[in-house]
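Protein sequences, first through last, are from chains A and B. Its first residue numbered 15, the first sequence is counted upward by one per residue in the numbering used here. Its first residue numbered -6, the second sequence is counted upward by one per residue in the numbering used here.
If you're looking for bench data, these hints aren't it; they were derived computationally from the structure. Don't take every hint at face value.
[Claimed, not checked] Chain A is faced by these chain B residues, among others (derived, beta-carbon under 7 Å):
| hint | residue |
| --- | --- |
| 1 | K40 |
| 2 | N60 |
| 3 | K72 |
[Unchecked claim] Below 35 Å or equal to it, Euclidean Cα-Cα: the simulated DSBU-like pairs (lysine-lysine) are:
| hint | chain 1 | residue 1 | chain 2 | residue 2 |
| --- | --- | --- | --- | --- |
| 4 | A | K43 | B | K24 |
| 5 | A | K73 | B | K24 |
| 6 | A | K105 | B | K72 |
| 7 | A | K161 | A | K185 |
| 8 | B | K52 | B | K73 |
Idealized CB from N, CA, C, for every residue including glycine.
Here is how the chains run, residue by residue.
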Amino acid sequence: MDFEIELIRRLNTEGSKEQAFNELITKYKERLYWHIRNIVKSHDDTDDVLQNTFIKVFKNIHNFKGESKLYSWMYRIATNEALTHINQNAKRNHLTSEEYQQNALSILKADVYFEGDAIQLKLQQAIATLPNKQQLVFNMKYFEDIKYSEMSEILETSQGALKASYHIAVKKIEEYLTKD
Amino acid sequence: MKNENLHNIKSTGYKTPDHYFESLEDAIFSKLAEESISSRVHSSGFKVPESYFESLDAKILNAVDENHKIQVISLLSWKKVAYISGIAASLILAFNLFFMNSNQLAIEDLETASIENYLMNEDLNAYDIAPYLGANELNSEDFVENTLNASELEDYLLENSNVEYLITD
């Protein structure tokens, strides 16, 4: 936490801003990458969204008031950017965001940056059947191992509601994977 | 004394989070379902290009730099362009109106509705219009065509005037 306060101070000081920003990227790039990748699926889209996320962080760091942790604030930006990206692309192709996600999955098979294992594809399909919020919660808990307390700050939802969402999500996915 | 107190302590002092036991079943079933999923699928299957993360820092810093530069050197901002094109457009319009407009509009070319709209919107009062009306164009029936029947008049008076006041006065 002290590290975070110090980092924020340096990010807001003209001389040390660049260096501090560099450290921030190094520290969070992989976590944020996987968070976004789980939402938008393709590597190229993730790369775009990740860069936009960091640019937004850089531009808006002076607005960060410290009501939440820097880490949850950045996750919130990344989540919003990723969801906006999906919605914009869906709109551009005259699709609903669900149709767009199904589309993204159907091309996943051919994606060089997807291992292409049949069961992994099935898991992604199972996730795509969930409502958006449950998808987010499932990915964050199952793949990213984020604690409920942190998730609660990022998604601005109570821990109880998150646990309930996860419980439903994990059940549905298990059912999807075990059927036929 | 100390020992006696020690014997009297019945609780450990440990506490659980709110609703911990109520949600424990759910938590355990979630864990079981989780294990069932992970026994089938080991990872999400997503991969990244080789040495993607190594080059990412530089890429983002570059993008931020570019973003900054674009903002700094934008001499011709959108606002300025809007002002300039606005001025240009009005100059062209003025030029067209004053010099190129050879065919003059006659009053006959105007639709009656347009004239009516103009009069309505100009907020003219009766005195502004009166000078243009000749005595021979006016007819006393223009003013008395609204006839009231007895029951309407009665209703009106009952609703809108203070009858008691009229009687006592």
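Fill in: Hint check, failures only
Hints 3, 5 contradicted; others consistent.
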